[in-house]
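A.B. asks: Each chain, written out:
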Amino acid sequence: MATYNTSEFRSGLKLMIDGDPYVIVENEFVKPGKGQAFNRVRVRNLKTGRVVEKTWKSGDSVEAADVVDREMEFLYNDGEFWHFMVTDGSFEQFAAAESAMSDAAKWLKGNEVCTVTLWNDAPLNVTPPNFVELQIVETDPGVKGDTASGGSKPARLETGAMIKVPLYMDQDEVVKIDTRSGEYVSRVKES
Amino acid sequence: MEWQASAGLAALQARARLLRQARAFMDARGIMEVETPALSQAGNTDPAIDSLSVVLPRERRYLHTSPEYPMKRLLAGGSGDIYQIGKVWRQDESGSRHNPEFTLLEYYRVGYSYHKLMQEVSELLALLIPALSAAPVFREYRQCFLDTLGLDPFSTATDTSVLAACAATHGLALQGGQDRLDRQGWLDLLFSHRIEPGFPDKSLTFVYHYPAAQSALACVTEHEGHAVACRFEVYLGSMELGNGYQELPDGAANTRKLNQDAMQRSREGRPSPAIDRRFLAAMTSGLPHCAGVAIGLDRVLLCRLGEKRLERVISFAWELA
Numbered sequence: 050m051a052t053y054n055t056s057e058f059r060s061g062l063k064l065m066i067d068g069d070p071y072v073i074v075e076n077e078f079v080k081p082g083k084g085q086a087f088n089r090v091r092v093r094n095l096k097t098g099r100v101v102e103k104t105w106k107s108g109d110s111v112e113a114a115d116v117v118d119r120e121m122e123f124l125y126n127d128g129e130f131w132h133f134m135v136t137d138g139s140f141e142q143f144a145a146a147e148s149a150m151s152d153a154a155k156w157l158k159g160n161e162v163c164t165v166t167l168w169n170d171a172p173l174n175v176t177p178p179n180f181v182e183l184q185i186v187e188t189d190p191g192v193k194g195d196t197a198s199g200g201s202k203p204a205r206l207e208t209g210a211m212i213k214v215p216l217y218m219d220q221d222e223v224v225k226i227d228t229r230s231g232e233y234v235s236r237v238k239e240s
Numbered sequence: 005m006e007w008q009a010s011a012g013l014a015a016l017q018a019r020a021r022l023l024r025q026a027r028a029f030m031d032a033r034g035i036m037e038v039e040t041p042a043l044s045q046a047g048n049t050d051p052a053i054d055s056l057s058v059v060l061p062r063e064r065r066y067l068h069t070s071p072e073y074p075m076k077r078l079l080a081g082g083s084g085d086i087y088q089i090g091k092v093w094r095q096d097e098s099g100s101r102h103n104p105e106f107t108l109l110e111y112y113r114v115g116y117s118y119h120k121l122m123q124e125v126s127e128l129l130a131l132l133i134p135a136l137s138a139a140p141v142f143r144e145y146r147q148c149f150l151d152t153l154g155l156d157p158f159s160t161a162t163d164t165s166v167l168a169a170c171a172a173t174h175g176l177a178l179q180g181g182q183d184r185l186d187r188q189g190w191l192d193l194l195f196s197h198r199i200e201p202g203f204p205d206k207s208l209t210f211v212y213h214y215p216a217a218q219s220a221l222a223c224v225t226e227h228e229g230h231a232v233a234c235r236f237e238v239y240l241g242s243m244e245l246g247n248g249y250q251e252l253p254d255g256a257a258n259t260r261k262l263n264q265d266a267m268q269r270s271r272e273g274r275p276s277p278a279i280d281r282r283f284l285a286a287m288t289s290g291l292p293h294c295a296g297v298a299i300g301l302d303r304v305l306l307c308r309l310g311e312k313r314l315e316r317v318i319s320f321a322w323e324l325a
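Chains A and B are the protein sequences, given in the same order. Per the numbering used here, the first sequence starts with residue 50, numbered consecutively. Per the numbering used here, the second sequence starts with residue 5, numbered consecutively.
Hint data in this document are derived by calculation from the structure and do not stem from the laboratory. Be aware that a few hints might be false.
To spell it out: a stretch of chain A is covered by chain B in this simulated footprint if at least three of its residues, at any positions, have a beta carbon under 8 Å from a beta carbon of chain B; those stretches are [to be verified]:
#, region
1, 81-89
2, 102-109
3, 205-217
Subject to a maximum C-alpha distance of 25 Å in a straight line, what follows is the list of computed BS3-like cross-link-like pairs (lysine-lysine) [claimed, not checked]:
#, chain 1, residue 1, chain 2, residue 2
4, B, Lys312, A, Lys103
5, A, Lys106, A, Lys63
6, A, Lys96, A, Lys155
7, A, Lys106, B, Lys312
8, A, Lys158, A, Lys213
In this text, a Cβ means the ideal position worked out from N, Cα and C, and glycines have one as well.
Next comes chain A alone, as it looks inside the complex (with noise of 0.2 Å):
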């Protein structure tokens, strides 16, 4: 079992605490002039995304945690799982249950290259990546012409993830989205 030090502490070090695994955001060394030294951290814990906060005495060994983030590229859904492929060329292939896929899942229609942050060799979360393309499906007709009011309206997209796009968009229409925000980019030209 690997195990770190807390002078080994530094932000992006990924800890077992209670039984799940988190990665420090922030480690502060905290020590009285003459007494006892602390290791006061910032940990966000990778299954739920909460941040919280744990002190340790300085010196003490923690144990690591097995996550390692691979690069995958998203095959489909069966209706259960979602299906990845590492894209190193090995063909290996991970499963992520729905609990892994939280938002990544309503940017993804197949081939996106994902972040898959894998907890002893299961998928614990997904990342898309940060911008996706995808076409509006659903929305009012276009106003035509207006481009300057700064106006906006619902879109539903291929994927079936609700966004906000300018008035002057249309049905069929592709837009570029930011998926950390989930705020609309531009408006991607036909090619």
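Start from chain A and add chain B according to the hints.
C.D. replies: Positioned in the frame of chain A, the structure of chain B alone reads:
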């Protein structure tokens, strides 16, 4: 390759000014600048501080964690008031407010009480940190606990289970089990996590009368029925800037203290440097009545510039050194 300094030019200039001001302050008061060795045959046995050592062909020497022992040897030899500005080293102390190598201003005032020294330290820090706006606050260690947590740290009823429960009430969960801290460890946890963060940002806080168990080489006295150390720490906000003592003059008491510390280190399975016999011989010969303080100048500079991380004020911080 990253070769540039971690501190900007303005911080380097501010450091040069700060050092000039500190020396001028000492000079104006007739305190003599001295230098003592950084590499010694004996080391610091303080249980909370680990020394770095250097292996030479025929011996191991210790980098000083503060110049306390040799400066007290000078005082015992009749030097009068002295100060030193120099680098010191402490193992594994690394973070936004810690660099394993740092600059310490240590000085001693013959004939001073630690109360008088606190006043002088507040004048020195007001000079070095112009942004200080309010008068310093003086608080006893016990009062800090009573005011913030409603706990009496000196009462025997305040045992480890009471302290652990208090920590839990204040949302402080120690990882790896609750039974791994002793009584003083719990007090340290509560003090550093729940009391220090409440200190004011614009004025200095002097905390004094620490538990006798944390006296280090300060005198211990009876105060309101409790044994307290004649020791103070000075803070700006939650940042500790300095640590001062009414210096323990008695040779036998110093010997007892160093032996106890060395024994505690060996009980905890930690390496213990050789006890400084020459220091103890000097204390037996007689230390004049005096008070002394050690101030971390890198942190003072941090406060002066309103920076948050030490590497912004140290030319080449640990990772770049």
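A.B. asks: Against each hint, give a clear statement of whether it holds in the structure.
C.D. replies: Each hint, compared with the structure:
1. With 8 residues having a Cβ less than 8 Å from any Cβ of chain B, the region 81-89 of chain A passes the three-residue criterion, so the hint holds.
2. Given a C-beta distance limit of less than 8 Å, the hint that chain B covers the region 102-109 of chain A holds, as 7 residues qualify and 3 suffice.
3. Note: the region 205-217 of chain A has 0 residues with beta-carbon separation from chain B under 8 Å; the three-residue rule is not met and the coverage is violated.
4. At roughly 21 Å between alpha-carbon atoms, Lys312 (chain B) and Lys103 (chain A) fall within 25 Å of each other, so this suggested pair holds.
5. Restraint check: the Cα-Cα separation between Lys106 (chain A) and Lys63 (chain A) comes to about 18 Å, which is no more than 25 Å; the hinted pair holds.
6. Between Lys96 (chain A) and Lys155 (chain A) the CA atoms are separated by roughly 19 Å; this keeps the pair inside 25 Å, and the hint holds.
7. Restraint check for Lys106 (chain A) and Lys312 (chain B): the C-alpha separation of about 23 Å stays at or below 25 Å, so the hint holds.
8. For the suggested pair Lys158 (chain A) and Lys213 (chain A), the alpha carbons sit about 19 Å apart, so the restraint of at most 25 Å is met.
Violation of the numbered hints given earlier is confined to hint 3; every other hint is satisfied by the structure.
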